[in-house]
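Colleague: This is what each chain is made of:
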Amino acid sequence: MKTTQILIAGFGGQGILFAGKFLAYKGLLEELQVSWLPSYGPEMRGGTANCNVIISEQPVGSPIVTSPDVLIAMNLPSLQKYVDTVIPGGQIYVDSSLIGVKVERTDVQVFYIPATAMAREQHIPTLANMIIMGHLLQNNPELSFDGTQTVVEKLVPPTKAALVELNMKALTLGKDYKA
Amino acid sequence: MAQRILMKGNEAIAEAAIRAGCRHYFGYPITPQTEIAAYMAKKMPKIGGCFLQAESEIASINMVYGAAAAGMRVMTSSSSPGISLKAEGLSYIAGSDVPALVVNVQRGGPGLGGIQPSQSDYFQATKGGGHGDYRMIVLAPASVQEMASLTIKGFNLADKYRMTSMILADGTIGQMMEPISFEDAEIETYEKPWALTGTNGARKHNIVNSLYLKPEALEVTNFERYERYKVIEENEPMWEEYMMEDADICVVAFGIASRVAKNAIVAARQEGIKVGLIRPITLWPFPKEALSKAADKVKGFISVELSMGQMIEDVRLATACKKPVGLCNRCGGMIPSPDEVLESIRNAEKGVF
Amino acid sequence: MAVVFKKPNSLTDLPFHYCPGCPHGIIHRLVAEVMDELGIEGKTIGVAPVGCAVMAYDYFACDMIEAAHGRAPAVATGIKRCRPENVVFTYQGDGDLASIGMAETVHSAARNENITVIFVNNAIYGMTGGQMAPTSLPGQVTQTSPYGRDVNHCGWPIKVCEMLSTLEGPEYLARVAVNNVKNVNAAKKAIKKAFQNQIDGKGFSLVEVVSACPTNWGMTPQKALEWVESDMLPYYPIGVYKDRSAAKEDAK
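Chains as they are written, first to last, in the working numbering: chain A, 1 to 179; chain B, 1 to 353; chain C, 1 to 252.
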């Protein structure tokens with residue numbers, strides 16, 4: 001596996017940083033090199049949030065993602081801001097319940113997932129992020145779906161153990177989603 | 001192999017400090033280092049330590065001064081504007097020869113500046129900041145693992161030489177998460193017969209002090225301190241060499257800049273350009289010898305910095321201007337991209353520095 | 001032969017450098033006598049200020065540290081948090097404690113930091129040669145208020161005990177004077193209480209000692225003591241401004 005640079009972007013409160021942590025832990029579980037870099041500062045307080053994750057077989061150089069292999073856009077401003085930075089042949093995941101437009105580029109793979117609507121229907125309204133993560137794992141067999149339960153258990157604080165099951169539900173929904 | 005866990009750089013500093021035996025932390029909130037205080041606030045009460053949020057950066061560094069004089073491993077952390085406020089205390093700590101660890105997770109300046117990553121406190125850390133003739137050991141981590149290992153090293157060196165060790169990090173390394181393990185933590189301990197413990201009627205009183213009204217006495221004290229600094233300059237420089245064996249261009253960068261530089265070097269090597277990296281890990285003592293040796297081999301240097309060019313002066317001094325030294329920089333919270341560094345390398349290959 | 005008068009053990013043999021007639025010598029002695037009487041010299045750590053008492057570290061025989069201007073309460077906090085079993089005191093003047101170090105003073109009081117603060121108020125900066133202090137009286141002539149302190153221009157003097165007494169935090173706040181024998185004896189009692197409070201774990205105890213500066217006031221020592229009585233004490237009345245434990249006792 002090569003080095004995979006992932007950029008996750010959306011609003012504060014959509015679980016952008018959590019989704020990034022999930023991927024970083026997944027990489028760690030696969031005994032790969034990983035880095036996770038959040039946007040920080042006033043952006044954390046309600047504005048846009050983004051997070052850079054790098055998963056690699058080699059030691060990670062710069063942790064800053066400038067040309068992502070994978071973009072996860074969870075709102076329109078994020079898609080517009082980053083769509084052209086994705087490398088040709090890269091993947092873009094779009095939360096199509098929040099983003100009405102289509103990606104015009106033809107040199108990338110685009111996955112439209114109505115994650116926010118699906119999450120609401122399934123009474124897990126805060127877990128649209130994990131639905132997209134589930135779909136991402138499904139499309140990237142080198143990361144694999146195996147062991148996700150372990151990763152989620154690591155991420156969810158013991159006081160909120162009930163969330164493990166809900167996160168797994170969201171991940172599975174994403175894995176099984178067919179456009 | 002010890003278990004690898006994911007941790008933020010700032011948290012790694014806090015955890016490493018606790019493992020190094022630090023049980024006293026005094027600080028004041030400022031972005032982007034506040035995770036250190038938060039971690040300490042959570043952990044210290046559970047292990048019999050003391051976390052205290054001071055009324056100001058000035059008060060916190062003076063609490064550190066008191067605790068250090070009492071013979072304890074003690075630390076504070078802040079970010080650029082806060083370090084300016086601590087400068088007074090740093091000078092007193094130096095003048096009184098007590099050991100302390102101070103963390104600066106740098107942000108852009110001058111003034112209130114910004115909150116994004118920067119390396120523009122290089123001068124402040126390595127050349128002074130506070131008043132008077134003094135030095136601090138300045139350690140520049142480039143990974144979360146080094147945030148931890150250099151914190152432990154910093155405590156050891158501070159105690160060994162009775163002075164301040166500063167961790168000069170930046171917002172990126174502070175905020176990012178990477179895998180880390182705490183397996184090799186080597187904790188050194190030193191006797192502190194000078195510490196304020198109470199005389200118990202058993203010895204003459206200890207005085208921790210930086211005042212010498214007789215200039216002859218102050219001069220002697222400074223001379224003695226600089227003898228100690230000389231030993232440090234001989235024994236403690238740390239640096240990493242990356243692809244330097246056959247290099248004829250040498251990039252010099254520390255912290256986050258060195259990681260960007262590595263990406264650019266890999267790309268340049270693919271174009272057939274023989275370029276390598278010298279990464280100073282101690283900014284003071286600066287790894288002069290490594291650079292001086294490189295100057296005899298390479299055709300020039302590129303200093304990559306998140307500042308208007310501060311370390312570049314030390315690169316020129318260390319190489320005695322034998323070879324040209326170019327600058328590739330961004331500032332104010334901006335970070336050079338690997339492409340920008342690559343462009344500088346390509347120019348250097350053409351002889352343009 | 002019976003010894004009727006001797007130097008306290010808690011003072012070193014070094015002669016004081018203070019000006020003739022300066023009450024710092026008396027106040028040092030009171031602190032040292034209290035340390036002797038409480039038997040705490042061996043476990044006391046003192047914090048010297050910047051100002052005339054800067055070299056207090058040479059005079060007190062206990063362990064000593066020299067703090068930056070105004071920072072003594074922060075330094076004392078650092079020491080006390082590391083060594084709660086030791087007795088920690090600061091010795092500060094008015095410029096140090098009530099001007100540049102006001103934040104440290106107020107916050108250590110608000111935290112009820114378990115330290116003892118000896119605050120020497122002589123209404124002037126002595127060490128630097130007689131400039132206006134935060135406690136200089138209205139109309140007082142100093143080097144930097146040569147026409148007398150004009151309160152419309154540079155504000156009013158700060159009454160430290162009164163101000164701190166508005167805080168929940170501190171345990172004990174008292175103002176004393178050293179201008180006559182009766183007041184000196186009372187001052188010693190207050191200082192002793194301020195140390196005993198710390199030993200008993202009661203918290204922040206500050207004794208403001210209204211003092212004099214004959215040299216910079218431009219007076220003979222005798223005249224200066226008279227001026228304390230006639231001008232200083234009406235503005236800075238002697239008394240206990242807060243005594244939490246005593247108040248609790250009364251409430252019972």
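Any given hint could be a false lead.
What the hints assert, rightly or not - Some chain C residues near chain B, calculated using beta-carbon distances under 10 Å:
1. Thr44
2. Ile45
3. Tyr57
4. Cys62
5. Ile65
6. Glu85
7. Pro214
8. Thr215
9. Gly218
To be verified - Listed below are the simulated DMTMM-like cross-link pairs for lysine to aspartate or glutamate, each with C-alpha atoms no more than 25 Å apart in a straight line:
10. A:Lys160 - B:Glu11
11. C:Lys159 - B:Glu349
12. A:Lys81 - B:Asp339
13. B:Lys214 - C:Glu33
14. B:Lys46 - C:Glu37
15. A:Lys169 - A:Asp107
16. B:Lys214 - C:Asp13
17. B:Lys204 - C:Glu37
18. B:Lys204 - C:Asp13
19. B:Lys192 - C:Asp58
20. B:Lys204 - C:Glu33
21. A:Lys2 - B:Asp339
22. B:Lys204 - C:Asp36
23. A:Lys21 - B:Glu349
24. A:Lys81 - B:Glu11
25. B:Lys192 - C:Glu85
26. A:Lys154 - B:Glu183
27. B:Lys204 - C:Glu226
28. B:Lys288 - B:Glu271
29. B:Lys160 - B:Glu55
30. A:Lys2 - B:Glu340
Just so you know, the hints here were simulated from the structure itself, not pulled from any lab data.
Given the structure is predicted, the values throughout are model-derived calculations rather than measurements.
Idealized CB from N, CA, C, for every residue including glycine.
Colleague: Would the hint linking lysine 2 (chain A) and glutamate 340 (chain B) be met if the CA-CA limit is 25 Å?
Modeller: holds (23 Å)
Colleague: Against the 25 Å threshold, does the CA-CA distance of lysine 21 (chain A) and glutamate 349 (chain B) hold or violate the hint?
Modeller: violated (40 Å)
Colleague: Hint tyrosine 57 (chain C) vs chain B: min CB-CB distance below 10 Å?
Modeller: holds (5 Å)
Colleague: Mind checking the alpha carbons of lysine 81 (chain A) and glutamate 11 (chain B) for me, to see if they're no more than 25 Å apart?
Modeller: Violated: lysine 81 (chain A) and glutamate 11 (chain B) sit about 31 Å apart, past 25 Å.
Colleague: Regarding the pair lysine 81 (chain A) and aspartate 339 (chain B), is the alpha-carbon distance no greater than 25 Å?
Modeller: holds (20 Å)
Colleague: Do the numbers back the hint for isoleucine 45 (chain C), that is, is its least Cβ distance to chain B under 10 Å?
Modeller: holds (5 Å)
Colleague: Does the alpha-carbon distance linking lysine 160 (chain B) and glutamate 55 (chain B) stay inside the 25 Å limit?
Modeller: violated (30 Å)
Colleague: Assess, step by step, whether the Cα of lysine 154 (chain A) is no farther than 25 Å from the Cα of glutamate 183 (chain B), and give holds or violated.
Modeller: holds (21 Å)
Colleague: Sort out whether glutamate 37 (chain C) lies within 25 Å of lysine 204 (chain B), counting only the CA atoms.
Modeller: holds (20 Å)
Colleague: Taken at face value, is the distance from the CA of glutamate 271 (chain B) to the CA of lysine 288 (chain B) at most 25 Å?
Modeller: violated (30 Å)
Colleague: If you take the shortest Cβ to Cβ gap from glutamate 85 (chain C) to chain B, is it below 10 Å?
Modeller: Interface hint status for glutamate 85 (chain C): holds (8 Å vs cutoff 10 Å).
Colleague: Should the interface hint for isoleucine 65 (chain C) be scored as holding, given a Cβ-Cβ cut-off of 10 Å against chain B?
Modeller: holds (4 Å)
Against the hints set out earlier in the document, violations occur for numbers 7, 8, 9, 11, 13, 14, 15, 23, 24, 27, 28 and 29.
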